[in-house]
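Student: Residues per chain, in single letters:
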Amino acid sequence: MTALPVAHAGHWLVNLLYVLPVVVVVAMLGWQSWRDRRADASEGDERHEGV
Amino acid sequence: MRQRAALVLGAVAAAALIAPAGAWAHGLVGRQDLPIPRWLFAWGAAVVLVVSFVALAVLWATPRLQQVQERRLLGVPRALEVVAGGLGVAAFAVVVYAGFAGTQSATANLAPTVIYVAFWVGLPMLSLLLGDVFRAFNPWRALGRGFGWAARRIGGEGMPEPMAYPERLGRWPAAVGVFAFAWVELAYAQRDDPSTLVTLALVYAAVQLVGMSLYGVERWCDRGDAFSVYFGLFARLSPLHWRDGAVYGRPPLSGAPRLSPVPGTVALLCVMIGTTSFDGFSQGTTWSSIAPDLQSFFADLGLASDHALEAAFTVGLVGVCLAVALLYRLGVAGMHTVGEHKSTEDLSHKFAHTLVPIALAYVIAHYFSLAAYQGQALASLASDPLGDGSDVLGTASATIDYQWITATGIWYVQVGALVLGHVSGLILAHDRALAIYSRARDATRSQYWMLAVMVAFTSLGLWLLSAAAQQ
Chain D
1 MTALPVAHAG
11 HWLVNLLYVL
21 PVVVVVAMLG
31 WQSWRDRRAD
41 ASEGDERHEG
51 V
Chain V
1001 MRQRAALVLG
1011 AVAAAALIAP
1021 AGAWAHGLVG
1031 RQDLPIPRWL
1041 FAWGAAVVLV
1051 VSFVALAVLW
1061 ATPRLQQVQE
1071 RRLLGVPRAL
1081 EVVAGGLGVA
1091 AFAVVVYAGF
1101 AGTQSATANL
1111 APTVIYVAFW
1121 VGLPMLSLLL
1131 GDVFRAFNPW
1141 RALGRGFGWA
1151 ARRIGGEGMP
1161 EPMAYPERLG
1171 RWPAAVGVFA
1181 FAWVELAYAQ
1191 RDDPSTLVTL
1201 ALVYAAVQLV
1211 GMSLYGVERW
1221 CDRGDAFSVY
1231 FGLFARLSPL
1241 HWRDGAVYGR
1251 PPLSGAPRLS
1261 PVPGTVALLC
1271 VMIGTTSFDG
1281 FSQGTTWSSI
1291 APDLQSFFAD
1301 LGLASDHALE
1311 AAFTVGLVGV
1321 CLAVALLYRL
1331 GVAGMHTVGE
1341 HKSTEDLSHK
1351 FAHTLVPIAL
1361 AYVIAHYFSL
1371 AAYQGQALAS
1381 LASDPLGDGS
1391 DVLGTASATI
1401 DYQWITATGI
1411 WYVQVGALVL
1421 GHVSGLILAH
1431 DRALAIYSRA
1441 RDATRSQYWM
1451 LAVMVAFTSL
1461 GLWLLSAAAQ
1471 Q
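If you're matching them up, the sequences are chains D and V in order.
Just so you know, our numbering puts 31 at position 31 of the first sequence, and the rest follows in order with no gaps.
Every number in our numbering is 1000 more than the matching position in the second sequence, counting from 1.
Think of the hints as simulated: they come from the structure by calculation, not from any bench.
Positions of the beta carbon are idealized from the N, C-alpha and C atoms, including for glycine.
Careful, some of the hints might be misleading.
Label-pair restraints from in silico Cβ distances [said to hold, decoys possible]:
1. V:Ala1291 x D:Leu16: 22 to 28 Å
2. V:Asp1346 x D:Val24: 26 to 32 Å
3. D:Leu20 x V:Asp1391: 53 to 59 Å
4. V:Gly1086 x D:Val24: 53 to 59 Å
Can you make the complete structure from the sequences, with help from the hints?
Tutor: Shown next, in the form of structure tokens:
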């Protein structure tokens, strides 16, 4: 069984703190993209019904 | 389509996790006294970028940098250009002479400090402030023009015209040249040997003269001369533009959108960012744990120990450049999914200039401390270029003042450069998006991807800055 490298967990956790802003921004932008597409789709539907 | 978008967003995050970006190897970093943990700067930088993005979307509704009127500030006498070229040739000759005739100690000989500090680090910063000053002092351009002038005097009208520069070559020769310089600096075992360095400088000068004789001096300098192209790219961010015998004023950054997207431009910019990144990455613990295994691998293939290490560093250098290219490509691929579905290739070229301020930010963040401290050594080296105890200018005893800026001050300069560089990249990308998308809404949405790329580059840069500071 391979031992987990827990001895250096502190280093890895600190490194993760640098990655988190990227993850948060990407998640935020993904969510906003999804909202944009939904808004576009409902806008298209409304226009279609209007016709 | 939505799946593809999600895939690209995920890939940007994944690349950010694995890609080893900019770091700060050459800096002399002392003890920093920071009020908050270093990682909080990455969060702060991300907030600044997001706020900048929102502000651009709300306040910057029409393209402003695509077609800017330049204002003539003053004329430059032709004689001054000749004098500058002559000074460039003289400086080149002194460095080459020092490299061959002087002591072979890297720190006591003028050549390595001039090449690695004044030339490679100082000129990009000078180009940002003053415009393309290297063009005026470029020694091989001056020699090429001098030879051309002499040939016309002797040969008269019978001199053949230069060949047409092959369009498909684009800036590829410059990309190869910058990579080769970085390889010498970062991977080559003899990188600090003054005579080897100036031999390589002479070889480079000879290649440039051949290129100029084939394709014409100005054309070759614009596309093929790695250093001319490299410094010229940074000069595009400057508020000063030297052309047609005059100096023109313009808004900062406005020279970048005029960058012609010829083949090799994206590759060149990725090499510029990637090599600086690898310089930092190679100083960190991650590379320290990988390099010995790679070296053993190449040693097992039969390479001598130092060549095996060079091969390992070459693999690292290429890998980081490719990682940077992948990150940019992911951002562009994301843009492709928005609005009018413009081709990825086309977008890649149209947004290439947004990488210029990032490349400069990496250079400043990475090398600022080198310039700030080792740059002072030029005072003593200029007075004793051969390292033989002479004192030509009376400044041979000048020493380096390590107190003029603290390690904490250097950290703030580095963080400031990274944030400013990436905000500048966002501005350029936003302005270009407004110009190429017919709807402002699509322009803003397309830039979600560039924002993700910019945040990834900034966080990685700060991570490696931090790693270097902890070494």
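Student: Run the structure past the numbered hints and jot down the numbers of the failing ones, going up.
Tutor: Checked against the structure, no hint fails, so every one of them is satisfied.
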